[in-house]
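So you can see what is in the structure, the chains are spelled out below.
Number of protein chains: 2
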Amino acid sequence: MLDRKDTGPHVVIVGGGFAGLYAARRLARGNVRVTVLDRRNHHLFQPLLYQVATAGLAPGEIAAPIRHVLKAHPRTRVLLADVSGIDLGRRTVRYDGGEIGYDYLLLATGARHSYFAHPEWEPLAPGLKTLEDATEIRRRILLAYETAERTEDPAERQALLDFVVVGAGPTGVELAGAIEEIARKTLRRDFRSIDPATSRVLLVEAGDRVLPAFPPDLSRRAEAALRRMGVEVMLRTSVEDVTPEGVWLQDRFLPARTVLWAAGVSASSLGARLSAERDAAGRVRVLQDLTLPGHPEVYLAGDMALFVEPEGRPLPGIAPVAIQEGEWAAENILRSAQGRSRLAFRYRDRGVLATIGRSQAVARIGRIHLHGFIAWAAWLFIHILYLIGFGNRVAILWRWTLAYFTFERADRLITGGSRMPGGEQSNRNPAPRL
Amino acid sequence: MLDRKDTGPHVVIVGGGFAGLYAARRLARGNVRVTVLDRRNHHLFQPLLYQVATAGLAPGEIAAPIRHVLKAHPRTRVLLADVSGIDLGRRTVRYDGGEIGYDYLLLATGARHSYFAHPEWEPLAPGLKTLEDATEIRRRILLAYETAERTEDPAERQALLDFVVVGAGPTGVELAGAIEEIARKTLRRDFRSIDPATSRVLLVEAGDRVLPAFPPDLSRRAEAALRRMGVEVMLRTSVEDVTPEGVWLQDRFLPARTVLWAAGVSASSLGARLSAERDAAGRVRVLQDLTLPGHPEVYLAGDMALFVEPEGRPLPGIAPVAIQEGEWAAENILRSAQGRSRLAFRYRDRGVLATIGRSQAVARIGRIHLHGFIAWAAWLFIHILYLIGFGNRVAILWRWTLAYFTFERADRLITGGSRMPGGEQSNRNPAPRL
Numbered sequence: 001m002l003d004r005k006d007t008g009p010h011v012v013i014v015g016g017g018f019a020g021l022y023a024a025r026r027l028a029r030g031n032v033r034v035t036v037l038d039r040r041n042h043h044l045f046q047p048l049l050y051q052v053a054t055a056g057l058a059p060g061e062i063a064a065p066i067r068h069v070l071k072a073h074p075r076t077r078v079l080l081a082d083v084s085g086i087d088l089g090r091r092t093v094r095y096d097g098g099e100i101g102y103d104y105l106l107l108a109t110g111a112r113h114s115y116f117a118h119p120e121w122e123p124l125a126p127g128l129k130t131l132e133d134a135t136e137i138r139r140r141i142l143l144a145y146e147t148a149e150r151t152e153d154p155a156e157r158q159a160l161l162d163f164v165v166v167g168a169g170p171t172g173v174e175l176a177g178a179i180e181e182i183a184r185k186t187l188r189r190d191f192r193s194i195d196p197a198t199s200r201v202l203l204v205e206a207g208d209r210v211l212p213a214f215p216p217d218l219s220r221r222a223e224a225a226l227r228r229m230g231v232e233v234m235l236r237t238s239v240e241d242v243t244p245e246g247v248w249l250q251d252r253f254l255p256a257r258t259v260l261w262a263a264g265v266s267a268s269s270l271g272a273r274l275s276a277e278r279d280a281a282g283r284v285r286v287l288q289d290l291t292l293p294g295h296p297e298v299y300l301a302g303d304m305a306l307f308v309e310p311e312g313r314p315l316p317g318i319a320p321v322a323i324q325e326g327e328w329a330a331e332n333i334l335r336s337a338q339g340r341s342r343l344a345f346r347y348r349d350r351g352v353l354a355t356i357g358r359s360q361a362v363a364r365i366g367r368i369h370l371h372g373f374i375a376w377a378a379w380l381f382i383h384i385l386y387l388i389g390f391g392n393r394v395a396i397l398w399r400w401t402l403a404y405f406t407f408e409r410a411d412r413l414i415t416g417g418s419r420m421p422g423g424e425q426s427n428r429n430p431a432p433r434l
Numbered sequence: 001m002l003d004r005k006d007t008g009p010h011v012v013i014v015g016g017g018f019a020g021l022y023a024a025r026r027l028a029r030g031n032v033r034v035t036v037l038d039r040r041n042h043h044l045f046q047p048l049l050y051q052v053a054t055a056g057l058a059p060g061e062i063a064a065p066i067r068h069v070l071k072a073h074p075r076t077r078v079l080l081a082d083v084s085g086i087d088l089g090r091r092t093v094r095y096d097g098g099e100i101g102y103d104y105l106l107l108a109t110g111a112r113h114s115y116f117a118h119p120e121w122e123p124l125a126p127g128l129k130t131l132e133d134a135t136e137i138r139r140r141i142l143l144a145y146e147t148a149e150r151t152e153d154p155a156e157r158q159a160l161l162d163f164v165v166v167g168a169g170p171t172g173v174e175l176a177g178a179i180e181e182i183a184r185k186t187l188r189r190d191f192r193s194i195d196p197a198t199s200r201v202l203l204v205e206a207g208d209r210v211l212p213a214f215p216p217d218l219s220r221r222a223e224a225a226l227r228r229m230g231v232e233v234m235l236r237t238s239v240e241d242v243t244p245e246g247v248w249l250q251d252r253f254l255p256a257r258t259v260l261w262a263a264g265v266s267a268s269s270l271g272a273r274l275s276a277e278r279d280a281a282g283r284v285r286v287l288q289d290l291t292l293p294g295h296p297e298v299y300l301a302g303d304m305a306l307f308v309e310p311e312g313r314p315l316p317g318i319a320p321v322a323i324q325e326g327e328w329a330a331e332n333i334l335r336s337a338q339g340r341s342r343l344a345f346r347y348r349d350r351g352v353l354a355t356i357g358r359s360q361a362v363a364r365i366g367r368i369h370l371h372g373f374i375a376w377a378a379w380l381f382i383h384i385l386y387l388i389g390f391g392n393r394v395a396i397l398w399r400w401t402l403a404y405f406t407f408e409r410a411d412r413l414i415t416g417g418s419r420m421p422g423g424e425q426s427n428r429n430p431a432p433r434l
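Residue numbers (the numbering used here), protein chains in the order written: chain E, 1 to 434; chain A, 1 to 434.
Simulated from the structure, these hints should not be mistaken for laboratory data.
Don't take every hint at face value.
As the list makes no split between identical chains, a pair holds if one copy fits it or if it spans any two.
[Claimed, not checked] Pairs of lysine to aspartate or glutamate, EDC-like flavour, derived with a Cα cap of 16 Å: (1) Lys71 / Asp195; (2) Lys71 / Asp190; (3) Lys185 / Asp195.
Please read all numbers here as calculations on a predicted model, not as lab measurements.
Start from the sequences, fold in the hints, and give me the full structure.
Following this line, the structure appears as structure tokens:
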């Protein structure tokens, strides 16, 4: 239904995450028509998703309708569509409502958490990738306290108050720190039978340090900060099994009704349909110009793409990589459309950040290593900065300022059912799946 | 688990809505122990629920954890519990986790929408009573526009853009006005294939005027305001059937994929287990002191109670009635505990308010009838005032100020699945039920 006077090549972007959205914005400046397909109506600011899971922010504060973010660009169309396949020969994308042709294609459908060949663990230990994941985790955390308040049996009560977080990457560290803070501060006066401070948070990591993608000195800082807060950090420990009652490690059983999964991701299944080279996490290997080998009109960016730098280092699945890849792919598409040559992508590594808790974070910014309050301030500043275009930075700043002084968490809602998983009278919705 | 040094009679409150919460606050001042049971963890500010359903406010902005609202009262305990029965003889309440004894009981479990012996209409035409209802309605409204944007067939597209609201009480009027505003203003520039302004909102009412509980002159004002906004008001029109394709009236079929139900309520089913006199809506008739006939230790308040004034007028199911009944019941409980006589309840009728849209409302305040901007300002002031204790009045005021000048709606999220009801690839959660 685009205007007939509309000309220029047609670019189809699949996925409205960081890579897709920044690509769409860049493309809107060139002489191309753009269609963005996503099965969600909203772009999600994933770096703050753990805040929704721990009741600090509301879902709407870190998500914005994709079509709203792109409304200023009349030649950009957004369709809510579930893409089921790509026909590289006919240059068409198949979705639940039909087919759409493209001149250039950008695939950026991201990643999902991975259970390492144990998909049966997913309902027992939810991961954190979507808003539904986040409200489900929030529901489980809050419900565990509510159920503990009703429970007389001391062992059962402790199992309800113990939280296991599997995986000590940034998401695992952020979740563990936030849950610890809920227990020690937010809920302190809210219960009568239980003392939330008797709650324990166990952070289980198979590797030998937390935040393995960070420099070792920052990993040590982060671990020390977690321990000071009260988190039990268990390194070199792998999970053998997850049951409704808790987690089996190599040598023992941790009884815990709430188990959260932050241990690994696998790329979107769309990559598997391209019959291209993929790594163990399912990411599709792209050339230096971000195109699919043999298909200079097909680009991949973000968590589903595997870009290996000339020096041999594969880029990690983080937001800055996705943003820069998306913009670079858009640039190369515009160059191709003008008959110019594509350029090899160079990642500008500005650093990495992870927050641990109130006034606690670690950061590598360029070559500078920061920790403690200054790193936390940097984290806050950068996240607020990147929320540009969400239109709710003021509201979030207000909430965080309040929360900083009151320890309050504004979004403590149990929605979608009020029974613990496995409860006999369960009326909750099934955990959403992709 | 209450402290052993804790003395005084034990009051059990079932339901943390307006009646239950205001009763608990009043009781906290007396020498009684209080236990509040609710199957939700949150108190809901129902008068603003339509704002969540129409993406203007976030769920967390109109809901607060019951235990948090009552945290300052150490002798008040809150339990997340689904009450299944009352044993009036043994003075115990049965819930999903056991039994709890009471000296005084206050039942205030509210009402649910009623489909007049057509429960099969519920999945087709959701009503608005819970946060899950609100996000489901929001999902359907936003999804209808998304699906219309993808649809080529003009008849199907119009059916997606047409919204039927059944029932022209305050909820129906507020929903119709807000949906109309979304179509004309909020979404104006967001779509490429459809023009949201071609969307139609049909408000179907069986009676002969909108807002039947208001004075007739205000009903006329409200109807005129709705028509000016573009809402099609259909009076003396009853719904014969609801199908996935639309609504059957007596003489014709309205094709509309989105049908919302605001036509009637029936009292909580808990009242049916008391073997007491009930009206057609299932409300339990209470004595003048708000007790259950024959049980001076059992009180009912709010939407599940039928209080008939000495002059013969039954009180309506609105928030001010629930609040005053809850407080009065608490007062009578405290008087009984002190050996004093119970007092007959008198409702102080301060008026009624309904908002229609931006700067449009009708209000009866005492004997004064207001409409237009002044009524809307009164509505705004009173609602902000009653959000005391929610701790987010500043955030809401900020959002509303922004929304007033920008027409933006901050919470346009489709969560819980992205398919229209009945779609073949549905991955949405089932509609939550109570």
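Now the hints, each set against the structure:
1. When the C-alpha separation of Lys71 and Asp195 is checked against a cutoff of 16 Å, the pair qualifies only between copies, where the shortest distance is 14 Å, while the shortest distance within a copy is 49 Å.
2. In the homo-oligomer, the alpha carbons of Lys71 and Asp190 lie at most 16 Å apart only across protomers (5 Å), although the nearest pairing inside one protomer, at 44 Å, exceeds that limit.
3. For the identical chains of this complex, Lys185 and Asp195 are intra-copy neighbours only, at 11 Å inside a copy versus 49 Å across copies, given an alpha-carbon limit of 16 Å.
Comparing the model with each earlier hint shows no violations; every hint is respected.
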